[in-house]
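Asks: Chain residues, written in single-letter form:
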Amino acid sequence: MSKLNREQMAARVARDIPEGAYVNLGIGLPTAVANFLPPNKEIFLQSENGLLGMGPAPAKGAEDPELINAGKLPVTLLAGGCYFHQADSFAMMRGGHLDICVLGAFQTSVYGDLANWHTGAPDAIPAVGGAMDLAIGAKQVFVMMELLTKSGESKLVERCTYPITGLRCVSRVYSDLAIVDLTPDGAIVVEMVDGLTLDELRSLTGVPLRPAPATRAGSPS
Amino acid sequence: MIDKTIGSCREAVADIFDGARIMIGGFGTAGMPDELIEALIEHGACGLTIVNNNAGNGDTGLAALLREGRVRKIICSFPRQVDSQHFDRLYRAGQIELELVPQGNLAARIQAAGAGLGAIFTPTGFGTQLAEGKETRSIDGRHYVLEYPISADFALIKAHKGDRWGNLVYNKTARNFGPIMATAAKCTIAQVGAVVPLGALDPESIVTPGIFVQRVVPSSGMHARAA
Numbered sequence: 008m009s010k011l012n013r014e015q016m017a018a019r020v021a022r023d024i025p026e027g028a029y030v031n032l033g034i035g036l037p038t039a040v041a042n043f044l045p046p047n048k049e050i051f052l053q054s055e056n057g058l059l060g061m062g063p064a065p066a067k068g069a070e071d072p073e074l075i076n077a078g079k080l081p082v083t084l085l086a087g088g089c090y091f092h093q094a095d096s097f098a099m100m101r102g103g104h105l106d107i108c109v110l111g112a113f114q115t116s117v118y119g120d121l122a123n124w125h126t127g128a129p130d131a132i133p134a135v136g137g138a139m140d141l142a143i144g145a146k147q148v149f150v151m152m153e154l155l156t157k158s159g160e161s162k163l164v165e166r167c168t169y170p171i172t173g174l175r176c177v178s179r180v181y182s183d184l185a186i187v188d189l190t191p192d193g194a195i196v197v198e199m200v201d202g203l204t205l206d207e208l209r210s211l212t213g214v215p216l217r218p219a220p221a222t223r224a225g226s227p228s
Numbered sequence: 005m006i007d008k009t010i011g012s013c014r015e016a017v018a019d020i021f022d023g024a025r026i027m028i029g030g031f032g033t034a035g036m037p038d039e040l041i042e043a044l045i046e047h048g049a050c051g052l053t054i055v056n057n058n059a060g061n062g063d064t065g066l067a068a069l070l071r072e073g074r075v076r077k078i079i080c081s082f083p084r085q086v087d088s089q090h091f092d093r094l095y096r097a098g099q100i101e102l103e104l105v106p107q108g109n110l111a112a113r114i115q116a117a118g119a120g121l122g123a124i125f126t127p128t129g130f131g132t133q134l135a136e137g138k139e140t141r142s143i144d145g146r147h148y149v150l151e152y153p154i155s156a157d158f159a160l161i162k163a164h165k166g167d168r169w170g171n172l173v174y175n176k177t178a179r180n181f182g183p184i185m186a187t188a189a190k191c192t193i194a195q196v197g198a199v200v201p202l203g204a205l206d207p208e209s210i211v212t213p214g215i216f217v218q219r220v221v222p223s224s225g226m227h228a229r230a231a
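Heads up: the protein sequence lines correspond to chains Z and U, in order.
If you read the first sequence in this note's numbering, its first letter stands for residue 8, the second for the next number, and so on.
If you read the second sequence in this note's numbering, its first letter stands for residue 5, the second for the next number, and so on.
By construction, these hints were calculated from the structure, which means they are not laboratory data.
For each residue, glycine too, the CB sits at the ideal point set by N, CA and C.
Heads up, some of the hints might be wrong.
As the list claims (entries may be wrong) - Some chain U residues flagged as far from chain Z (calculated, every beta-carbon gap over 10 Å): (1) 35; (2) 53; (3) 92; (4) 107; (5) 111; (6) 142; (7) 157; (8) 174; (9) 218.
Claimed, not checked - In silico DSBU-like pairs for lysine-lysine, Cα to Cα no more than 35 Å straight-line: (10) U/176 with U/8; (11) Z/48 with U/176; (12) U/138 with Z/67; (13) Z/79 with U/77; (14) U/8 with Z/146.
Here chain Z stands alone, though its shape is the one from the complex:
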């Protein structure tokens, strides 16, 4: 079985983003998806701090401290892009105008609950930013994460043990081992990496998984 690396995961997510989609890429792993969006498709990237039509990082020396993304890194604006204030930015999310949001996660439940803002550790300083708004706002919320923790525990769980970001909000998980749709009736496996069987995936995650009518085994590239 060959796990996808982070670039391959990002490329796989990018493949499912259609032309014309309004998309927010969360901080961390999802940011890399931008590198794999095909240049011949027009896709609108939104950044929560107030821009639509976000372009790539500027050339060295051309950074503008007043043109940054949600991760506070310098970015550029594409021709046709625009700026707006915070209330408009979050209206785009909460109001259901964003088509897709891609987020990282500590845990996702098979019913689509998301935990990604706080470890709950007593000495941790909590910070939430736009995570809760993104989770419940976008039409489709994709989670991009490695399926297992470093110690081998599944991050796809029956019930989240980390503090919740949003309830029943994740529609699909893109992981290094499989792509899983999350529905009110539980998880449906739509794609697995080469050499992985559904039973092996069930035993790795310990959660109930159903096959999609035509689950593809095969190397997603």
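Since chain Z is already given, all that's left is putting chain U on it; use the hints.
Replies: Frame of chain Z; chain U shown alone:
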């Protein structure tokens, strides 16, 4: 003649009192009115409640205000960052109160205050720790949390250009919280890159109408560049 411009940041913040609630614009350092904050530190007001997206970055601006021990409480969405060491120290020492608000709720609550609304029902945060103990309601099958407006005594914001009537335009993503904070404070003070003559700002492009702004201060550092 109405002229809201004030010559110096120090004069502009002179009536900020101990215990005031102050909104400070900015997302990180983009849009943070650094000169107004420096003036506020020199002015000396303490026991402040600050509303900002973050809790200071590095050693300047809001971080410096925190470092100087002037802030009793902060209302923000994302305090913890790699360079939020001054907030981190105060928080761990129990020397500052934190009200953590999801960013969109922060924006909506500020906007509600500016628009004169009594409260809002927001779907953000439902079922989470940040909505514990709050009233909820189901409307058309969706769950909402009751949240109250956030207003302030003062708003300190940064804009690109302003005129003597207080009309403002912003620069790129430095706009962020400026336009909504301007509506929600009793006294909004804008640090602007340049003060331009009346009529120089395209009326179709004015982002903050002057009715929301009480004081306009030309920035000393930015002046040459923006003009």
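Asks: Now look at each hint and say whether the structure bears it out.
Replies: Going down the list of hints, with the structure as the test:
Listed as a non-interface residue, residue 35 of chain U fails to keep its Cβ farther than 10 Å from every Cβ of chain Z; the least gap is roughly 7 Å. Every CB of chain Z lies more than 10 Å from the CB of residue 53 of chain U, the least distance being 19 Å, so the non-interface label holds. Listed as a non-interface residue, residue 92 of chain U fails to keep its Cβ farther than 10 Å from every Cβ of chain Z; the least gap is roughly 6 Å. Some Cβ of chain Z comes within 10 Å of the Cβ of residue 107 of chain U; the nearest lies about 4 Å off, and the non-interface call is violated.
The claim that residue 111 of chain U lies off the interface is violated: its Cβ sits roughly 4 Å from the closest Cβ of chain Z, which falls inside the 10 Å cut-off. With a closest Cβ-Cβ approach of about 13 Å to chain Z, residue 142 of chain U is found to remain outside the 10 Å limit, as its non-interface label requires. Even its closest Cβ contact with chain Z, about 20 Å, leaves residue 157 of chain U beyond 10 Å, as expected for a residue assigned away from the interface. Once the 10 Å rule is applied to beta carbons, residue 174 of chain U is inconsistent with being away from chain Z; the minimum gap is 7 Å.
Here residue 218 of chain U stays apart from chain Z, with its beta-carbon at least about 19 Å from theirs, past the 10 Å limit. For the hint pairing residue 176 of chain U with residue 8 of chain U, the CA-to-CA distance comes to about 24 Å; that is within 35 Å, so the pair holds. Our distance criterion of 35 Å between C-alpha atoms is met by residue 48 of chain Z and residue 176 of chain U, whose separation comes to about 25 Å. For the hint linking residue 138 of chain U to residue 67 of chain Z, the alpha-carbon distance of about 47 Å lies beyond 35 Å, and the restraint is violated.
Pair hint residue 79 of chain Z plus residue 77 of chain U holds up; C-alpha atoms about 24 Å apart against a cutoff of 35 Å. As the CA atoms of residue 8 of chain U and residue 146 of chain Z are separated by approximately 44 Å, the hinted pair breaks the 35 Å bound.
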